[in-house]
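2 protein chains.
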Amino acid sequence: MNKNYSALTLNELPKRLSSITAITDQIGTDFSKWQVTEVGDGNLNLVFIVIGSNGKIVIKQALPYVRVVGDSWPLTLDRAFFEYNALVRQEERDPGIAPSVFYFDREQGLIAMECLDSHKILRGKLIAGEKVSNLGEVIGKHCARLAFKGSDFYMQTKDKKNDVSLFQKNLELMSITENLVFTDPYYEAEMNNHTEGLDTIVKTLRDDVVMKSKVQYMLLKFTSNTETMCHGDLHSGSIMCTETDTKVIDPEFAFYGPMGFDLGMNIANYLMAFLSQPAHRKNSNDNKSFQGWILKVIEETVNAFFEEFTNLWHNSRQGILFPKCLYEDQDQTTDYALNLVLKHILNDAMSVCGIEMHRRCLSLAHNADFEQIEDVTLRAKLEARNLLLGRELILSSDSIKEISDLTSLALKFNERNIL
Amino acid sequence: MNKNYSALTLNELPKRLSSITAITDQIGTDFSKWQVTEVGDGNLNLVFIVIGSNGKIVIKQALPYVRVVGDSWPLTLDRAFFEYNALVRQEERDPGIAPSVFYFDREQGLIAMECLDSHKILRGKLIAGEKVSNLGEVIGKHCARLAFKGSDFYMQTKDKKNDVSLFQKNLELMSITENLVFTDPYYEAEMNNHTEGLDTIVKTLRDDVVMKSKVQYMLLKFTSNTETMCHGDLHSGSIMCTETDTKVIDPEFAFYGPMGFDLGMNIANYLMAFLSQPAHRKNSNDNKSFQGWILKVIEETVNAFFEEFTNLWHNSRQGILFPKCLYEDQDQTTDYALNLVLKHILNDAMSVCGIEMHRRCLSLAHNADFEQIEDVTLRAKLEARNLLLGRELILSSDSIKEISDLTSLALKFNERNIL
Chain A
2 MNKNYSALTL
12 NELPKRLSSI
22 TAITDQIGTD
32 FSKWQVTEVG
42 DGNLNLVFIV
52 IGSNGKIVIK
62 QALPYVRVVG
72 DSWPLTLDRA
82 FFEYNALVRQ
92 EERDPGIAPS
102 VFYFDREQGL
112 IAMECLDSHK
122 ILRGKLIAGE
132 KVSNLGEVIG
142 KHCARLAFKG
152 SDFYMQTKDK
162 KNDVSLFQKN
172 LELMSITENL
182 VFTDPYYEAE
192 MNNHTEGLDT
202 IVKTLRDDVV
212 MKSKVQYMLL
222 KFTSNTETMC
232 HGDLHSGSIM
242 CTETDTKVID
252 PEFAFYGPMG
262 FDLGMNIANY
272 LMAFLSQPAH
282 RKNSNDNKSF
292 QGWILKVIEE
302 TVNAFFEEFT
312 NLWHNSRQGI
322 LFPKCLYEDQ
332 DQTTDYALNL
342 VLKHILNDAM
352 SVCGIEMHRR
362 CLSLAHNADF
372 EQIEDVTLRA
382 KLEARNLLLG
392 RELILSSDSI
402 KEISDLTSLA
412 LKFNERNIL
Chain B
2 MNKNYSALTL
12 NELPKRLSSI
22 TAITDQIGTD
32 FSKWQVTEVG
42 DGNLNLVFIV
52 IGSNGKIVIK
62 QALPYVRVVG
72 DSWPLTLDRA
82 FFEYNALVRQ
92 EERDPGIAPS
102 VFYFDREQGL
112 IAMECLDSHK
122 ILRGKLIAGE
132 KVSNLGEVIG
142 KHCARLAFKG
152 SDFYMQTKDK
162 KNDVSLFQKN
172 LELMSITENL
182 VFTDPYYEAE
192 MNNHTEGLDT
202 IVKTLRDDVV
212 MKSKVQYMLL
222 KFTSNTETMC
232 HGDLHSGSIM
242 CTETDTKVID
252 PEFAFYGPMG
262 FDLGMNIANY
272 LMAFLSQPAH
282 RKNSNDNKSF
292 QGWILKVIEE
302 TVNAFFEEFT
312 NLWHNSRQGI
322 LFPKCLYEDQ
332 DQTTDYALNL
342 VLKHILNDAM
352 SVCGIEMHRR
362 CLSLAHNADF
372 EQIEDVTLRA
382 KLEARNLLLG
392 RELILSSDSI
402 KEISDLTSLA
412 LKFNERNIL
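Same order as they appear, the protein sequences are chains A and B. Numbering follows our numbering, with no gaps: position 62 of the first sequence is 63. Numbering follows our numbering, with no gaps: position 390 of the second sequence is 391.
Just so you know, not all the hints are guaranteed correct.
Chain copies aren't distinguished; within one or between two, either way the pair holds.
Subject to a maximum C-alpha distance of 30 angstroms in a straight line, what follows is the list of computed DSSO-like cross-link-like pairs (lysine-lysine) [stated by the list, open to error]:
| # | residue 1 | residue 2 |
| --- | --- | --- |
| 1 | LYS121 | LYS402 |
| 2 | LYS204 | LYS325 |
| 3 | LYS402 | LYS325 |
| 4 | LYS159 | LYS4 |
| 5 | LYS170 | LYS325 |
| 6 | LYS132 | LYS34 |
| 7 | LYS121 | LYS34 |
Read the hints as simulated data drawn from the structure, not as lab findings.
Required output: the full structure, derived from the provided sequences and hints.
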């Protein structure tokens, strides 16, 4: 750790940041009147909202350890450096999707950015039954733009390789994903926990050598595939929304990986929202209606992804992959090629989706959709559906050809009484 | 280019290198008596053999351009840096397979290494009909050791990611492969040439959208897959042999890529040696016998690869992939998992094999096996077999389940009268 690093406190923050013009430009210079609150509810960092006479700003600072675990788990401050780099690329590739960045200090692991105070974390909204217009369209397009524009379909190969070289250094955060997501769920890892009553399901998963091998095959892809820069953690806790606006935050897990990674993780979190609804909507009509809306969001997300990827494929394919000299310039269509690539992406996405559904119920860092269900029997019942649907997706990722194949499966598992 | 760089000449070499102890230790200090010859017959570099009173040494120096094309095609001197790094890793992972390295000067793009003067380039031996004992076993094992020990099956993930980050900078040489191997053969690229009479075959390949798309899909893997450090150019010109000893040279194209890459390129060059034999062995018994030996080498190579990879899998699997905590520690075998990985490797290898067979007849840098056939009609006839076998392998890479599937195909195409 850098010896000049010092974690901000509520008291010290105004004085320490008062001389930074990029910050005072946003909120005003009279730092004695700044109101500071700490709102970090994530697993890793400090997050302050600072309100000055002229406006508000968010100050996010990395801690030298994993916040949710404590200083027994040290973690590089440089994750802020990768978050900053990812935010810059997100803005380039999909302008407006991420909060504006005003200032970055690598030594302090500190980013000053736009305060999204009218936005709420999507996960909370899904639990509360609050809809968001255009959610699927915005995130689906965003995933397609990140996937395409960070890849050799679009970037100059030199720029892309230099960027891969840079992001390979985000190895501590990749390592968290490698362990917590792909491996821990499938053995008695130290930090695991699962809901009472799920032991038989957990045994089923751990006994399934075919499925575990498919998961590890996906780990091989996660750790040895540099198709594009992924957000790396695009669950519903990394999305903030008003009723009509959607933003993506927290890309510190950014890495070069499979083009289907973000899409898969995103859908997994919708599926978990979907399967947990019966515990949050006591009225069965409300439940049915909101569940239907979530499935529609999934459909819209995947459709928007495919549409935008197709659009970029036809209009912005300027890299070394599937170049026009092999197709258009020879009067040949790219229909077959595009379909091959989309199938590949969807296949990876479905595998990642199933794996994410597992780790959120078995490894560290469960998600609130299930975790907030106080009735343990009900929680176990819903999580069992989630775990077995995850297994189905991992085993049969390549049989999901259309998005209706996925939503049909979701509806089927939603009816199953496993426990 | 570094301004202190200066290409060696026959006259200047002794004086310039006379003060380097690592070199004089090998060949003696009396540089006035050093005999220097330039023997570089490759496409890129200067290669000197220097004979002193105490021994011989090879001095390999990168030129700031592609030798076979000239200074109109500039190329980074840093390829020597990557060659040096690859040689070090080859020695670590398969001791004795590569020439010993005595000295490296990054600024001059210069490596001093063991002189293999009783060894001959394998390609020449295959054309001359000279057998090498244990060739398949040595190279098959070598490919397995490189594949396994440079991967997340074996390395610590931190070390591996740092190494990936380093080798991503070998981008100019990767770029040559990306263009010359994966794309140029399939359109009218500037530096292409092909034997008279092959126009209809070339048209068949360029019209085959399914095959071209599969090739580009493999390019996606080449450029976005970092499974292991590959030699990157393991054709029969990068292998030197006596009757009983085999060495691998020239890893300047080293990159992190698919575990099956080196194996596939190696086999491609044996298949081209096999298919070109009828032009080099006028006696049909000699031809049949030597062709049979080449197929046996292919079988031995693949079998040795599988055996050694399996051996390493069981005894040295210490990385994050397919960890023992998911299998052995749960009293479950890894048979399914290992088979999945081997199938994946063989599938990639067969695709790369077919692509290499194409580029060697259509793009820049043809290989001598065909190029030395003076009878153009015969050359075209044999190259046509090669091109269509390559196509078959690309299209059906996943139907090659056992090595006999490949050798049967080779025998079948060897009999086909296409032109």
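Can you tell me if LYS402 and LYS325 fall within 30 angstroms by alpha carbon in one copy, between copies, both or neither? within (27 angstroms within a copy, 34 angstroms between copies)
Is it within a copy, between copies, both, or neither that the alpha carbon of LYS170 lies no farther than 30 angstroms from that of LYS325? between (33 angstroms within a copy, 26 angstroms between copies)
Within a copy, between copies, both or neither: which one fits LYS121 and LYS402 at a CA-CA cutoff of 30 angstroms? neither (33 angstroms within a copy, 53 angstroms between copies)
Within, between, both or neither, where LYS132 and LYS34 count as close if Cα-Cα is 30 angstroms or less: neither (37 angstroms within a copy, 86 angstroms between copies)
Treating 30 angstroms as the Cα threshold, decide for LYS159 and LYS4: within, between, both or neither. Between copies only: 23 angstroms across, 35 angstroms inside.
What label fits LYS121 with LYS34 when the C-alpha limit is 30 angstroms: within, between, both, or neither? within (26 angstroms within a copy, 81 angstroms between copies)
Within a copy, between copies, both or neither: where do LYS204 and LYS325 come within 30 angstroms Cα-Cα? For LYS204 and LYS325, the Cα distance is within 30 angstroms only across copies (17 angstroms; inside one copy 50 angstroms).
When each numbered hint is compared with the structure, violations occur for hints 1 and 6.
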